[in-house]
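Undergrad: These are the residues of each chain, in order.
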Amino acid sequence: MFSSFSIQLLQQYWWVIISVLGAAFVFLTFVQGGQTLLLQVAKNKEQKDLIVNSIGRRWDLTFTALVVFGGAFFASFPLFYSTSFGGAYWVWMLILFTFILQAVSYEYRTKAGNFLGTKTYEWFLFVNGFLGIILIGAAVGTFFSGSNFIVDKIDITTGSAVSKWTKPTHGLEAVWTVYNGYPAFLVNLSLALAVFALSRVLGGQYLLYTIDNEELTTKIRKQLRICSTLFLVFFLLFLGLILTKEGFAVNPQTKQVFLEKYKYLHNLLAMPLVLVIMLVGVVLVLWGLFLSLFKKSNNGFWFTGAGSTMAVLALFLIAGFNNTAFYPSIADLQSSLTIENASSSHFTLVVMSWVSLFVPFVIAYVWYSWRSLTRKKITIEELQNDNMSY
Amino acid sequence: MVLLDALTGWARAQFALTAFYHWLFVPLTLGLSFIVAFMHTIYVRTGDEKWKETTKFWMKLFAVNFAIGVATGIILEFEFGTNWSNYSWFVGDIFGAPLAIEGIFAFFLESTFVAVMLFGWNRVSKKFHLLSTWLTAFGTNLSAVWILVANAWMQDPAGTVFNPNTGRNEMVSFLNVALSETAVYKFLHTIMQAYLLAAFFVVGVSAWYLLKNRHLFFAKRSILIASVFGFLASIMVAITGDGSAYNVAKKQPMKLAAIEGLYNGTTNAGLVLIGIHKDNADALGIRLPGMLSFLATRDFNGFVPGMKDLIEGNKQYNIPSMQERIESGKIAIDAFKNYDLAKKQGDTIAANQYKQTLMANFHNFGYGFMDNPQQAKPKILNITFYSFHLMVALGFYFILAFLWTIYLTMKDKIANNKLALKLSILNIFLAYLASQLGWIVAEVGRQPWTIQDLLPTWTSVTQLSVANVKTTFFIFLIIFTVLLIAELGIMFKMIGKGPNLKEEEV
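In the order they appear, the protein sequences are chains Z and P. No gaps in the numbering here: position 231 of the first sequence is 231 in my numbering, and each next residue is one more. No gaps in the numbering here: position 261 of the second sequence is 261 in my numbering, and each next residue is one more.
Treat the hints with care, since some could be wrong.
Claimed, not checked - Pair ranges (Cβ atoms, derived):
#, chain 1, residue 1, chain 2, residue 2, range
1, Z, L357, P, I286, 52 to 58 Å
2, Z, T166, P, T471, 18 to 24 Å
3, Z, L357, P, T348, 35 to 41 Å
4, P, F217, Z, E382, 52 to 58 Å
Unchecked claim - A partial selection of chain P residues facing chain Z, derived with a Cβ cut-off under 7 Å:
#, residue
5, N86
6, A115
7, R123
8, D371
9, L419
These are computed hints drawn from the structure, not numbers from a lab. Backbone N, C-alpha and C define an ideal beta-carbon position, used for all residues, glycine too.
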């Protein structure tokens, strides 16, 4: 089946998969959101344990989604992997450091002999939820605002690097970059803060959904009000910025990259399905927030979660489709990465496409096991009687 | 010239550091997952609460170890991009695939079911819970498959063709990548060694209880299961080790010469049993006559090339000199450059000629990045030599150690044999040592290649200022060391506390 597909079709198929994984990851950052709420809303050990045991049973799913996102990007668009990870070195390294800290913190937090003490591990979780998410948000922002690199494939013949980053700060400049007088950093920062606020909204909603504790849920709802407002402000700012800014367009004939006014708005209008996904996504997010804030419902999580997944999916799609450079270079426009010039070969994409057919099966068992663990709400009594809990 | 340049040196050091730490935790996880699954099965079949607590005890140790394995593992995947960007671009088509497959098939499996395994005791049915424990074990081991396939491919780039139009290597056969002889042996040897290590861990910890006269039934039960498991694994380690060496002789003759300390190639070559490494000469020591020839060629009279033959060439056995390979590599690189230029200028005739020259010399492509033949061998030969011999010696010792433990357990004499118990504790450390030595043999022994014959390390590395990589190296060193201390602290406390079984059982 897949081997008869054209390379262009396979590239688009893989961009959809990358977008879905990216969107799923953003949804799953409710774990990180919960981590930043931990120190703020829990006032005693029991409440902390409740929160940790609620999100902690899901942390490795988010972690895995990040790893798979990286692996899938590597396999399908290797030039992105080599350019961005090697180039924006400090951004990715800092993200990785926070994820190392996260991976041990749940398991080690309350164990005897853990060397650093409970409080330190709780701070590790906070650092991951704060710095890790902000940096990931800013990194994805550069898909719309551009980065500083030059790609020249023939350079391998001299033994030097094919992709070179032109700033010694290796990615950290994303938070102060101005390009042609345009404050590109605002795009990166607004997305970073929107994603951070969203993670806290989702985290709060997930806690409401899984925990049975009156005192805690009251506090969480208060945080939800603040974070929802901040999320809406920064998300609308980001959306306003990218829909009105110049985008990085590709001439389909000559493959030249050029700046096009309202490029991302044009992309949305040129792809009505994506526009619909975006709009439905936004409506669902708002409905979920409405349920959590005004209806005192505990099911807002699923609506806001599904809605934000759709909205992020639409963002990835307008970044890569409709002759757009998904990883633009502002150091050298023609070095910008497109799904065409960054992709793997036809053969690899075919192999990977067969593999992708298993994804629905994976989602099914993840879903089933998730349900089986969360069917009952978590209570303090249960944790005290369970010697396997965190 | 110990390190070719500081950047490559630090990037290698960083990768070695992360790999070293990762491999402190992974083998135990791989093996313990199955041991826990066996125990859990016995519990579900017998309904015996003592087995439940036994399972829980080892499961908790598994979880502590699993978490830090995950923490160190994420770095390895991303480091290919952050520090080896040319490599990632040059072979991303082939190398990225197993990593992505690992994520989709294995990581989701383990991360999903490890949560059910740890937290499902009172939340899911007994059967689904047991299934989750087995799926965790399979998922954990499945993730080892794909990363080892990826590593094997670097040592033996099978199933791949260079495409001069994209300047990259492209996969032509997924099966050849996934099931190359190198991949199969690498996987089996590594995974069996991991089972062996986990078995020693269980035996050693249980031995400690016996020495302290605590949890006798629990300890004896655990020892029996683990030492049978470990004995079978140790036999498999020896068999697959032999297969790996035969394969290395075929695919990486320089590595074989390095680990055996063989300078002058010979027929009827002897295998060093114990010896001292010599630079630019054969190792001094006691040899088993003809054994190296048999290991490498399956013929006691077969010719095994030494380092000298591989560098200076050997006409009799049709081995080209390194100088010839370097020249051929430079021709390939030049032809690639000219092909690219001719194609841009639309000169198809010239382009075709360059392409022919390129493909005829491509098998030496990586040598074209070298300036002199000495760069084509590992820099620190003595390390590979001693690592290999110590590893092999330990491997044979392990078989005997398991046999002895099984014998003593069957005769019910193990609890009183202080020497066997103390040795069992020591064996944990020896197993870890052998495990790390194996990776030194594999990775230092294959230098200077990132991809055998195609890309040396210094052409693979990301262009960063050295200060960046140095800084991240030390950050990793500090984080990992602190977390290791925490991990050991928790493990020792848990072991000291012991399983949740009443001591009066003693």
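Undergrad: Hints first: check each against the structure and report whether it holds.
TA: Hints, one by one, checked against the model:
{"no.": "1", "hint": "L357(Z) - I286(P): 52 to 58 Å", "verdict": "57 Å, holds"}
{"no.": "2", "hint": "T166(Z) - T471(P): 18 to 24 Å", "verdict": "20 Å, holds"}
{"no.": "3", "hint": "L357(Z) - T348(P): 35 to 41 Å", "verdict": "40 Å, holds"}
{"no.": "4", "hint": "F217(P) - E382(Z): 52 to 58 Å", "verdict": "30 Å, violated"}
{"no.": "5", "hint": "N86", "verdict": "6 Å, holds"}
{"no.": "6", "hint": "A115", "verdict": "5 Å, holds"}
{"no.": "7", "hint": "R123", "verdict": "6 Å, holds"}
{"no.": "8", "hint": "D371", "verdict": "10 Å, violated"}
{"no.": "9", "hint": "L419", "verdict": "29 Å, violated"}
Violated hints, in rising order: 4, 8 and 9; the structure is consistent with all others.
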